[in-house]
Amino acid sequence: YPLFQLGGPQLRIFRPNFFMLAVRPGVPQPEDTVQFRVSMEMTKVDIKNYLEKIYNVPVAAVRTRIQYGANNKRNHKNQRVKKPDYKVAYVQLGQGQTFQFPNLFPDKEQDTETRSFDDFRNKYMEREKQRQKGDPRRGGVPDWFGL
Amino acid sequence: MAASVAMAALCRRLTAALRVSGARPGSTAAGLPGLTLNLFHKNLGKVEPLHQLKFLHTTLSRRGLEEFFDDPRNWGEKTVKSGDAWNIKQLRGKSSEDLHKLWYVLLKEKNMLLTLEQESKRQLRPMPSPERLEKVEKSMKNIDLVVREREIALRLLQTGHEKPVPGEWRHDFLGRTYWYTYKEWPIPWYLNKKYKKRKFYYLPHVNHFIRLRLEKSLCRRARRQNLEKTRQKVLKRKFPHLAVKSQSQ
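Chains as they are written, first to last, in UniProt numbering: chain P, 1 to 147; chain B, 1 to 249.
Warning: the hint list may mix true and false statements.
Here are the simulated lysine-lysine pairs, BS3-like style, with alpha carbons at most 25 Å apart [claimed, not checked]:
no., chain 1, residue 1, chain 2, residue 2
1, B, Lys110, P, Lys87
2, P, Lys53, B, Lys101
3, P, Lys48, B, Lys163
4, P, Lys108, B, Lys101
5, P, Lys53, B, Lys183
6, B, Lys110, P, Lys44
7, B, Lys81, P, Lys108
8, B, Lys183, B, Lys163
9, B, Lys81, P, Lys53
None of these hints come from the bench; they were simulated from the model.
In this text the structure is predicted, and so the values were computed from the model without any measurement.
Generate coordinates for the entire structure from the input sequences, incorporating the hints supplied.
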């Protein structure tokens, strides 16, 4: 982006390539606060303008923090694998709006195909467990012992 | 602001059309059913005539944060149907305004898909139809390419330059040649102590290494091409009936 010096024009970006995703807050947040993961280069002003212009959402306040992604997992070559860093934005909505993160995976009624597959799977697991157990006539002892 | 409001209204309608593939055009609000069709219903055979573009219905989109989530009817589904990605050829036929609106539609769709992905990771469930993400990314890349092409063409006609920022070819002290674009600095280069220590020429003893580098790149290229040829030969041997017929006859 062009360098800004005092008296210069404001930077305007057409076709922004920044993505914001709404996340479910791990810690319970107040009613009007929405939690987002944003690109590392976005500022509070950027996020406010983004939401107001593109999503038409009234924003009262934005607070951001950078979440450090851990670097202590190791792969099969014993090299450290880094989890990516990301910026978290806590946006407070204006005009008294509230937001609850919805449940995106509600239980839906299964059709006959999935139901029959689930039945088949349960029966198979039961049969496997029965085979694992020993003979009930010998008191549940495995067949390894004795004759 | 009016432009962004109009854009948001259009975006809402277009997003609705995109999400439920095969959406009926009558479901969109009064305004541009023809335009919506022309932009999205490529998979369907029917093509309706383009209506007047003058009457733009500008209602404010009342679904603000709901646009981060899919249609509630799709929550909990195993798969969600979606159309193909946008082709470059299809995009070249669109006007710049349409491309601009499409960009924002795709941006919102991508935000929605990323939210869904994160939530599915959180809930330890499989994400329904993750291929939608790749399609959206491909479409956005294609739009970028098309807009860049148009910008370059316009710039060539107006100024005669191809690139937006001027530059020059430079050598570094290892003998490599690269295209350097001029950057904006707060101070000139002769006041920059670190920059003055850099050398933009190479001494004659580096020519040997340039030759070695060239040989290495040529070797790699030859190896790659030979590998490709042997692979094709193996395939031809295994599947003779699928071989491409040569045009010698």
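**Request:** Enumerate the violated hints, using their earlier numbering and listing them in ascending order.
**Result:** When the structure is compared with the hints, numbers 3, 4, 5 and 9 turn out to be violated.
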